[in-house]
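Trainee: Next come the chains, spelled out residue by residue.
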Amino acid sequence: MSRVLRPLFLGLLGLVWLAPLYLLLVNASKPMAGYVSDEVWKPLADFALFDNLADAWERAGLGDAVVSTTIYSVLGPAVAVLVGAALGFAIVALRLRHGFFWFVLVFGGTVFPLQMIVLPLFVGYAEVGLYDSRLGMILVYVAISVPFSALVMRNFLGGIAHQVFEAAVVDGASTWRIFWRIYLPMSASALVAVFILQATFVWNDLLLGLTLSQSDEVRPLMTALTGMQSTYGGSQLPTVLAGGLLVSVPTVVLFLSTQRFFTRGLNLGQF
Amino acid sequence: MTGLSTPAPARTTAGRGPGATGRGRRRGGPYRWSARAFSLPAILFVAVLLYLPFLWTAAISFTEYDGLGSPEWVGWANYTEMFADPNFTTSMRNTLMWVVGTITVPVGLGLLIAVLTHDMRFGAWFRLPFLLTYAVSPVAVGVVWTFVLQNGGGLSQALDGLGLPGADSRWLLDEPLNTLMMIGAWAWQQTGVNALLFVIGLQSIPKEPLEAARLDGASGWRMFRHMLWPMLRPLTTVVVGLALVASLKTFDIVMAMTEGGPGRNSETLALTMYREAFVSSAYGAGSAVALFLTVVTLVAAITYLRRQLSTKHEI
Chain A
1 MSRVLRPLFL
11 GLLGLVWLAP
21 LYLLLVNASK
31 PMAGYVSDEV
41 WKPLADFALF
51 DNLADAWERA
61 GLGDAVVSTT
71 IYSVLGPAVA
81 VLVGAALGFA
91 IVALRLRHGF
101 FWFVLVFGGT
111 VFPLQMIVLP
121 LFVGYAEVGL
131 YDSRLGMILV
141 YVAISVPFSA
151 LVMRNFLGGI
161 AHQVFEAAVV
171 DGASTWRIFW
181 RIYLPMSASA
191 LVAVFILQAT
201 FVWNDLLLGL
211 TLSQSDEVRP
221 LMTALTGMQS
231 TYGGSQLPTV
241 LAGGLLVSVP
251 TVVLFLSTQR
261 FFTRGLNLGQ
271 F
Chain B
272 MTGLSTPAPA
282 RTTAGRGPGA
292 TGRGRRRGGP
302 YRWSARAFSL
312 PAILFVAVLL
322 YLPFLWTAAI
332 SFTEYDGLGS
342 PEWVGWANYT
352 EMFADPNFTT
362 SMRNTLMWVV
372 GTITVPVGLG
382 LLIAVLTHDM
392 RFGAWFRLPF
402 LLTYAVSPVA
412 VGVVWTFVLQ
422 NGGGLSQALD
432 GLGLPGADSR
442 WLLDEPLNTL
452 MMIGAWAWQQ
462 TGVNALLFVI
472 GLQSIPKEPL
482 EAARLDGASG
492 WRMFRHMLWP
502 MLRPLTTVVV
512 GLALVASLKT
522 FDIVMAMTEG
532 GPGRNSETLA
542 LTMYREAFVS
552 SAYGAGSAVA
562 LFLTVVTLVA
572 AITYLRRQLS
582 TKHEI
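Chains A and B, in that order, give the protein sequences. So that you can map any letter, position 62 of the first sequence is 62 in our numbering, and since no number is skipped, the others follow by simple counting. Take any residue in the second sequence, note its place counting from 1, add 271, and you have its number in our numbering.
Hints are not guaranteed to be accurate.
[Said to hold, decoys possible] Pairwise CB distance ranges, derived in the manner of DEER restraints:
{"id": "1", "chain 1": "B", "residue 1": "P357", "chain 2": "A", "residue 2": "R97", "range": "48 to 58 Å"}
{"id": "2", "chain 1": "B", "residue 1": "R485", "chain 2": "A", "residue 2": "V67", "range": "29 to 39 Å"}
{"id": "3", "chain 1": "B", "residue 1": "G340", "chain 2": "A", "residue 2": "T70", "range": "31 to 41 Å"}
Since the hints were derived computationally from the structure, they do not count as laboratory data. We put the beta carbon where it would ideally sit given N, CA and C, even for glycine.
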C-alpha cells in the first residue's frame with residue numbers, strides 16, 4: 001500500500017473506532033433536563049457530566065457497588081497470588097510429592113465455564129449463609145483466580161535456582177521465612193502482573209455478581225450497571241452513559257499505564 | 272551438588288538420628304509437612320469452590336429439581352428435552368454465529384492493523400484507538416452500543432445524515448441482525464488486543480529473512496503471504512484458540528445489551544443456562560445446558576489443538 005493510502009485507511013478506521021466513544025462522552029455530559037435522543041451527534045451546549053456522574057453514583061447506587069468491587073478486586077486477587085505462589089513454592093522449592101499432579105489439578109480449575117459452578121454455589125451459599133455477603137464474593141473470586149496464578153507462579157519460581165533455598169536453609173531460616181522473605185520478594189514482578197490481570201477480571205465480572213448477590217451493599221459494579229441499564233431509559237440515558245464511563249475509567253487507566261509492562265512480559269512469556 | 276548443599280541436612284536434622292532423615296527422604300523429602308501446608312490452601316480453594324460444584328452440576332443435570340424439596344432422578348430426560356426445544360436450537364445457532372464471528376472479524380482486523388502498523392512511523396499512535404476500546408469493560412461496551420444501536424439512535428442518525436439506507440433498521444430487535452450487531456460491538460472491543468498480540472509477534476520475527484525477501488523484490492501482499500503469515504502461524508494458533516474458547520462462553524455483552532431477547536432470539540448457550548437455572552428455577556435443565564456447554568468447549572479446544580499440532584510441521 002502506498003505511503004498515503006496506508007495512514008489514510010488506518011486513520012479513517014481509527015475514527016470509526018472512536019465514534020462510539022465520542023457519543024459516550026458527549027451524551028454522558030448532556031444535562032438530563034430537556035435531553036432528546038434524536039440528536040446524539042450534536043456537540044455539547046451545557047456541560048453536565050459531573051451532575052450525571054453524581055446521579056449515577058447516588059441515585060442508581062453505583063457508589064456502593066464501586067466500594068464493594070474495589071474491595072473484591074483488590075482482596076480476591078491479592079489472596080489468590082499468595083495462595084498460588086505458596087503452591088508454586090511447595091512444588092518447586094519444597095519438592096511436594098506428586099507435585100505435578102497437584103499442579104495439573106489446580107490449573108485444571110480454569111477449564112470449566114463459570115456456568116458449571118454458579119448454580120451449586122448459589123444453593124450452597126444460601127445454605128451456609130454466604131449468599132449475598134462480601135465474604136462469599138471474595139472467596140469465589142479467590143477461587144477462580146487461583147488456577148492462573150498457580151500457573152504463572154510455578155513457572156516463575158521454577159526459574160529461581162534451588163541453591164537459593166539450600167543456602168537459606170544453611171543460614172537457619174524456616175520454610176515460612178524463606179517463602180516470605182526470599183521467594184516472594186524475588187518474584188515481585190510476576191506477582192504484580194498476575195494481580196493486575198486478575199484484578200481486571202474481577203472488576204469486569206458480571207455472572208458471579210448476578211447469581212451470588214442481591215443487595216446494593218454486596219452487588220458488584222457490573223451487576224449494578226446492568227440493573228441500571230434495564231431500569232433507566234429515555235431522558236435518564238445520560239445517567240446510564242455516565243455510569244458506563246465511570247466503570248471504564250479505572251480499567252482504561254490501568255491498561256494504558258501497564259501496557260508496556262505487559263508487552264514486554266508477553267514477549268518473554270508463553271507466546 | 273555444590274559445596275553449599277551438603278551441610279544442609281546435617282544442620283537441619285541436628286539432634287535427630289540419620290534414620291529420621293532416611294525415612295523422611297523415602298516419603299517425599301525432609302519438607303513433606305511444610306510442602307503439604309503450603310499447597311493446601313490452593314488445593315482447598317479449587318476443590319471446594321470449583322471441583323465440588325462442578326460435580327454437583329453434573330449430577331443435578333440428571334434430575335428434576337427446583338431448589339425446593341429434593342432432586343428427583345430423571346435420567347437423560349433433561350437432555351432429550353433440551354435437544355427438542357426450539358429455543359435451544361436458536362441458542363446453538365447464535366453461539367455458532369458468535370464463534371465464527373469472533374474468530375474472523377476481530378482476529379482478522381487485528382492482524383490487518385498489526386501488519387499495517389508494525390513497521391510504520393507513529394504506528395503506535397495509529398493503534399491507540401483500538402487499544403482504548405479494548406480497555407473498556409464488556410458491560411460498559413454493552414451500555415455504549417445499546418445506546419448507539421437503539422431504534423433511531425446514533426447509528427441510524429449517522430446513516431440518515433450521510434444519506435445511506437438502513438436508518439430504520441431495528442438493530443437489536445430483529446434476529447439474526449441483533450446477534451450480528453452484538454458481534455460487531457464485541458469486535459469493537461476485541462480487535463485491539465489481537466492487534467497488540469500480532470504486533471508483538473511481528474516484532475519478534477528475525478529481521479534478516481525479511482530484508483533478504485525485500486531485496487528480492489517482495490512487498491505488500493506477497494511479503495505477507497509468503498513471509499509474515501507463515502512466521503506468525505504459531506501465534507495465530509494461540510490467538511484463534513483463545514477466541515474460540517472465549518466465544519463459546521459469550522455471556523456478558525449479550526446480557527448487557529439484549530438479555531437474550533427480544534423473547535429469546537439472541538440467547539447464547541451461556542445465557543440459556545442462566546435463564547433456565549436462575550429465571551425459570553429449572554435447576555436440572557440449566558445444569559444440562561451447562562454440562563453440554565462444557566463438553567462442547569472441551570471438544571472444540573482439543574480438536575482444534577490436535578489439528579493445529581498435526582499440521583504444524585507442514586509449514
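Trainee: Each of the hints needs a verdict: does it hold here or not?
Mentor: For each hint, the structure was consulted:
no.: 1; hint: B:P357 / A:R97: 48 to 58 Å; result: 53 Å, holds
no.: 2; hint: B:R485 / A:V67: 29 to 39 Å; result: 56 Å, violated
no.: 3; hint: B:G340 / A:T70: 31 to 41 Å; result: 40 Å, holds
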